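Q: All chains should be modelled from the sequences, with the hints used to inform the complete structure.
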Amino acid sequence: MKIYDREKFSDINLFKKSNTLPVTSEERIQYTMEYIINTRNYIKVENLSKILFISGKTLAEDIKEAKK
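Heads up, the sequence shown is in the working numbering, so the first residue is 610 and it goes up one at a time.
Be aware that a few hints might be false.
[Claimed, not checked] Simulated crosslink set (EDC-like; lysine to aspartate or glutamate; CA at most 20 Å straight-line): (1) Lys673 / Glu643; (2) Lys611 / Glu635; (3) Lys659 / Glu643; (4) Lys676 / Glu643; (5) Lys659 / Glu635; (6) Lys653 / Glu674; (7) Lys659 / Glu636; (8) Lys673 / Glu636; (9) Lys653 / Glu670; (10) Lys677 / Glu643; (11) Lys666 / Glu636; (12) Lys677 / Glu636.
[To be verified] So the derived label-pair ranges between C-beta atoms look like this: (13) Arg615 / Gln639: 41 to 47 Å; (14) Thr629 / Ile652: 41 to 47 Å; (15) Glu670 / Glu643: 15 to 21 Å; (16) Ile652 / Asp614: 36 to 42 Å; (17) Arg615 / Ile660: 32 to 38 Å.
Treat the hints as calculated values from the structure; they're not laboratory data.
Quick caveat, the model's predicted, so the values are computed rather than measured.
Glycine included, C-beta positions come from ideal geometry on N, C-alpha and C.
A: Here you go:
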């Protein structure tokens, strides 16, 4: 990749935290809570687990922890 305008390139920031999926349980809990709060539509647990690339059981455990 050749960068011609460093200022514009730095504005893009390809590795923003918001563009990455959560890895740890704490990150998934935070992501899930923010996702649910900011989503206007209904979402199934199965669909959210697919988005996060985790099992439904793992997501259920994270949601149980988030409720605390």
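Q: Starting from the hint list further up, note which numbers the structure goes against and sort them upward.
A: As far as the earlier hints go, 2, 13 and 14 are violated by this structure, in ascending order.
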